[in-house]
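Undergrad: Listed here are the chains, written in short residue letters.
There are 2 protein chains.
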Amino acid sequence: MEIQKETVSIFALGGVNEIGKNMYGIQYKEDIFIVDCGSKFPDESLLGIDLIIQDITYLKENRDRVRALIVTHGHEDHIGGIPYFLKQLQLPVYATALTLGLIEIKLKEHGLLRETELHEIDADSVLPFGQVEVSFFRTNHSIPDCVGVVFQTPIGNVVHTGDFKFDLTPVNNESPDIHRMAEIGQRGVLVLLSESTNAERPGFNPSEMAIGGHIEEAFRQAPRKVFISTFASNVHRVQQVIDAAEKTGRKLALLGRSMTNIVNVAAETGHLSIPDGMLIEPYEIMKLPPEQVAVLCTGSQGEPMAALSRLTSSAFRKVEVLPEDTVLFASSPIPGNEKNVSRIIDSLYRLRANVVYGSGGESGMHVSGHARQEELKLMLTLMKPKYFIPIHGEYRMLYKHRQLAESVGVERDNIFIVKNGEVVDVSKEEARQTRSVKAGRVFVDGLGIGDVGKIVLRDRKLLSEEGILVILVTVDKTDGELLMEPDTISRGFVYKPDAEELIAEVNEIVASAVQQVQKAEGSDRVVIRQQVKKAVETLLYERTKRRPMLLIFVMEM
Amino acid sequence: MEIQKETVSIFALGGVNEIGKNMYGIQYKEDIFIVDCGSKFPDESLLGIDLIIQDITYLKENRDRVRALIVTHGHEDHIGGIPYFLKQLQLPVYATALTLGLIEIKLKEHGLLRETELHEIDADSVLPFGQVEVSFFRTNHSIPDCVGVVFQTPIGNVVHTGDFKFDLTPVNNESPDIHRMAEIGQRGVLVLLSESTNAERPGFNPSEMAIGGHIEEAFRQAPRKVFISTFASNVHRVQQVIDAAEKTGRKLALLGRSMTNIVNVAAETGHLSIPDGMLIEPYEIMKLPPEQVAVLCTGSQGEPMAALSRLTSSAFRKVEVLPEDTVLFASSPIPGNEKNVSRIIDSLYRLRANVVYGSGGESGMHVSGHARQEELKLMLTLMKPKYFIPIHGEYRMLYKHRQLAESVGVERDNIFIVKNGEVVDVSKEEARQTRSVKAGRVFVDGLGIGDVGKIVLRDRKLLSEEGILVILVTVDKTDGELLMEPDTISRGFVYKPDAEELIAEVNEIVASAVQQVQKAEGSDRVVIRQQVKKAVETLLYERTKRRPMLLIFVMEM
Chain U
58 MEIQKETVSI
68 FALGGVNEIG
78 KNMYGIQYKE
88 DIFIVDCGSK
98 FPDESLLGID
108 LIIQDITYLK
118 ENRDRVRALI
128 VTHGHEDHIG
138 GIPYFLKQLQ
148 LPVYATALTL
158 GLIEIKLKEH
168 GLLRETELHE
178 IDADSVLPFG
188 QVEVSFFRTN
198 HSIPDCVGVV
208 FQTPIGNVVH
218 TGDFKFDLTP
228 VNNESPDIHR
238 MAEIGQRGVL
248 VLLSESTNAE
258 RPGFNPSEMA
268 IGGHIEEAFR
278 QAPRKVFIST
288 FASNVHRVQQ
298 VIDAAEKTGR
308 KLALLGRSMT
318 NIVNVAAETG
328 HLSIPDGMLI
338 EPYEIMKLPP
348 EQVAVLCTGS
358 QGEPMAALSR
368 LTSSAFRKVE
378 VLPEDTVLFA
388 SSPIPGNEKN
398 VSRIIDSLYR
408 LRANVVYGSG
418 GESGMHVSGH
428 ARQEELKLML
438 TLMKPKYFIP
448 IHGEYRMLYK
458 HRQLAESVGV
468 ERDNIFIVKN
478 GEVVDVSKEE
488 ARQTRSVKAG
498 RVFVDGLGIG
508 DVGKIVLRDR
518 KLLSEEGILV
528 ILVTVDKTDG
538 ELLMEPDTIS
548 RGFVYKPDAE
558 ELIAEVNEIV
568 ASAVQQVQKA
578 EGSDRVVIRQ
588 QVKKAVETLL
598 YERTKRRPML
608 LIFVMEM
Chain A
58 MEIQKETVSI
68 FALGGVNEIG
78 KNMYGIQYKE
88 DIFIVDCGSK
98 FPDESLLGID
108 LIIQDITYLK
118 ENRDRVRALI
128 VTHGHEDHIG
138 GIPYFLKQLQ
148 LPVYATALTL
158 GLIEIKLKEH
168 GLLRETELHE
178 IDADSVLPFG
188 QVEVSFFRTN
198 HSIPDCVGVV
208 FQTPIGNVVH
218 TGDFKFDLTP
228 VNNESPDIHR
238 MAEIGQRGVL
248 VLLSESTNAE
258 RPGFNPSEMA
268 IGGHIEEAFR
278 QAPRKVFIST
288 FASNVHRVQQ
298 VIDAAEKTGR
308 KLALLGRSMT
318 NIVNVAAETG
328 HLSIPDGMLI
338 EPYEIMKLPP
348 EQVAVLCTGS
358 QGEPMAALSR
368 LTSSAFRKVE
378 VLPEDTVLFA
388 SSPIPGNEKN
398 VSRIIDSLYR
408 LRANVVYGSG
418 GESGMHVSGH
428 ARQEELKLML
438 TLMKPKYFIP
448 IHGEYRMLYK
458 HRQLAESVGV
468 ERDNIFIVKN
478 GEVVDVSKEE
488 ARQTRSVKAG
498 RVFVDGLGIG
508 DVGKIVLRDR
518 KLLSEEGILV
528 ILVTVDKTDG
538 ELLMEPDTIS
548 RGFVYKPDAE
558 ELIAEVNEIV
568 ASAVQQVQKA
578 EGSDRVVIRQ
588 QVKKAVETLL
598 YERTKRRPML
608 LIFVMEM
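Respectively, the protein sequence lines represent chains U and A.
Each residue of the first sequence is one higher than the last, beginning at 58 in my numbering.
Each residue of the second sequence is one higher than the last, beginning at 58 in my numbering.
Some hints could be false.
Identical chains blur together in the list; that is why a pair holds if it fits in one copy or across any two.
No farther apart than 30 angstroms at their CA atoms in a straight line, the calculated lysine-lysine pairs in the DSS-like style are these [said to hold, decoys possible]:
{"#": "1", "residue 1": "Lys165", "residue 2": "Lys117"}
{"#": "2", "residue 1": "Lys396", "residue 2": "Lys495"}
{"#": "3", "residue 1": "Lys534", "residue 2": "Lys590"}
{"#": "4", "residue 1": "Lys165", "residue 2": "Lys602"}
{"#": "5", "residue 1": "Lys144", "residue 2": "Lys511"}
Derived by calculation from the structure, the hints in this document are not laboratory data.
Please model the entire structure based on the sequences and the hints provided.
TA: As structure tokens, then:
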């Protein structure tokens, strides 16, 4: 895009009109800054896709201008795309200690750790980049070490909240830095970008602190072993599990790779305090008296490959859920995961465990990490922005967030609900939303980045619903006569031993279609293929009301 | 199964350890009675499947003994399998007027209406079948005209509740017949089968009546047109929508085939009272002043082909959602449907409509049709069964229902949580759960009933995630030499124009694999196919980390 004079340009490459793959751009003249680089898991319609990331064509075209990738916190939807991004565009990365630790694990997996320029920052860091100065403010969320970002430009300040809530009694005693936010607002905010995940939910979140007591009580009442499952990255909750284990005289084992990873990083960066001798190895679980054991595991969303799911299928040789064991879900199913979670609860009951679960915090063991309506209004009130762009949310959340902003005094015309790629150009006098840059979804499948597109997905969908029939037709090169019985193979359509009659009918109709072509037009392969296809399609639909994919090879001999 | 003397045998062919495709069997000596015949919608793992029904092998093997299909109410999970059942086994069907009306629509669609023996019953009917007498009691649910069933056998009474709740101020003034239930309990219940859908939810449902006021208030406040979406079969809610329209001076249009169907049947059977001149046709919606119009439509679950979804995509030429129109969701998303519902809410906001929604009745416009814990305990208390079989629910619901039954005094050893097919044999003295009959899922795909099995589904899954590569290899019949360039076609794997290099590599490796076979072993087609397959698999996994299905044809010329 053309460089706008005395204008700061703001755009999303991911994260608006969707949850996930967050990425925002702030451009002032020749300097572009990127905030976050998340990934998103595909829904079931994206068959076989492993991950969705951003289309960063615009950044690659402007690679000389892109100064830094600034990461607000360590959740997948903010860091998951980083390795794929860095493979396309080398860039220095700025993040707090815990966030950086989690990014490093990813870079190591992709063999990118050595070549990447990483900078550790904290909430007090100030980064001068020519005309733009970048600073931070401390926020709360469901992972520690989160920051919001302030871009001080010659024409005004742009503030990006990252994900946040206001937990005034946080588990780590690191309150959100309301005083600094007030100062920032006092100095003047030209544009605020604020997250919208919970903009539909009224009220103010309870404190994470409230959960500790419920966990401790459940640990105390459990007659035998207790398993507790939560998001590995929720380090504050992990701390409360450790505290509850200590208070109730239980040793704690960790199950699940991401749990071990994050506990290690969090302990190294000082975000977890683990008493000596508290942690035991999985093989020790069954050796101690059961009332002295707690197990913290991944899989609270019912993920089939995570620890909790594997426990119910006896995939751990040395750890078993036994009758009268207790299983606690310190979590709430994310929409879409309900069925998987339910399946695991069923399995745990079959093992005769006591199971404590509930959606939306009914069990007292879960609170959300995202600001609700009153918290969003508090942020808007502190920042007093002239212009407001609600980010990180589906359309209805952005829409509600706009209503909230209006209710605290932001002018309706100064609020911009954007699509990914749409640019808001803000000068001292006005803001306009007239341009856009390239944006979209890029699919990761195995090693391939972007090589699976719409046509491949359309084929996968057709194949998945109706299967495929491959028919091999061999005809005489000179006169188009059928030389041998057609060879028909079906996959995902009907199972051949069950459907011999139908396959025989297909072969008959293929033969007669070839004969007709031969009589009328000779031996043109394209015509033969078309006629055979038409005849077989009609037959199959009549017999089965299905339309499998047809691949027809016509061989001439 | 062997006929048990002086025993009543009870089994489920669907509906336990699952929600949906309900079917229960009650057998006394030579007489078998079937309660309900539902269908179930497949989850996304059952690729391409349209419907799931029961395996009724046992009933077909005992066709001379099966006396009747008794249907408790008109929901899909209780009637959806009837046409498929009747195609396999002719049987007289007994149901109340509304239920029968809905069954008739299905039978007509399948061309079965004329040949089926249908009997209308009401809550006072008594059906003598030799040694067994069948009678009924009136219940409440989210569709009118529901009954529970009593089987009076020489050794005791078996009671099946159907789906129910206790709404003591129902919209149609037809209270649940608590007095008759008390009488039945007083006479003695040997076995109770009771539904478990909401066994996890504490408390007692609010009355459906409470919803009317909220709908009326929303109608009154809506400045322009109001659209309201709910389950078509919730006739009581439809009545309250009609009442609200009348009280607020709006005409009502119906959108969606199932809405029109059910309103017609319900009006004919006296379950709906519609003021003269209230209903208007869809083409009239845009002609009246918008504040005088309400539209009742299907699609509250976000179904892509239902009316509400089609409204957002402008699929109705004559009806539009305009800015300041109001859209009410008088419903709660069923687990699994959240994403589709959210998508529609987003689209409605984009059209600048006011949208009122919420899960679990937050908007005051939805209550569940299924008894919660206190209601389940009330049923158990009224019936005082000696033996109890919780039905209609996933395992954790059956498990909770067992706990509820114990809490009101049913002995633990007298409660049976069964799997589909497992038989509980009850005599005057004891109950045993030792035998089972054939049970399972049968898939309907297009016209095929049961012709898509595990292998086809496995293939569809593989195809959907990785696609397919078909390779045609032509070799000389005499010496196995490759006669022409291999022909490779991919579908759902990589898109060929993007992947020409990879396909060229595949063809090279195919050629070299054929050459190697030729040198070592000559021209065996099976060997060539194996070697080609191995070589291509290795190459593709190395290059892409994917394993598409491979179909290799070796032609000899």
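Undergrad: Are the hints correct? Go through all of them and say.
TA: Comparing the hints with the structure gives:
1. In the homo-oligomer, the alpha carbons of Lys165 and Lys117 lie at most 30 angstroms apart inside one protomer (23 angstroms), although the nearest pairing across protomers, at 61 angstroms, exceeds that limit.
2. Proximity of Lys396 and Lys495 under a CA criterion of 30 angstroms is satisfied inter-copy only: 26 angstroms between copies versus 36 angstroms inside one chain copy.
3. Taking CA atoms no more than 30 angstroms apart as the test, Lys534 paired with Lys590 passes in both settings, with 20 angstroms inside one copy and 28 angstroms between copies.
4. Taking the closest pair of Cα atoms, Lys165 and Lys602 come within 30 angstroms of each other only across two copies (19 angstroms); inside a single copy the shortest separation is 51 angstroms, beyond that limit.
5. For the homomeric pair Lys144 and Lys511, the shortest alpha-carbon distance inside one copy (23 angstroms) is at most 30 angstroms, but the shortest distance between copies (41 angstroms) is not.
The earlier numbered hints are all upheld by this structure, with none contradicted.
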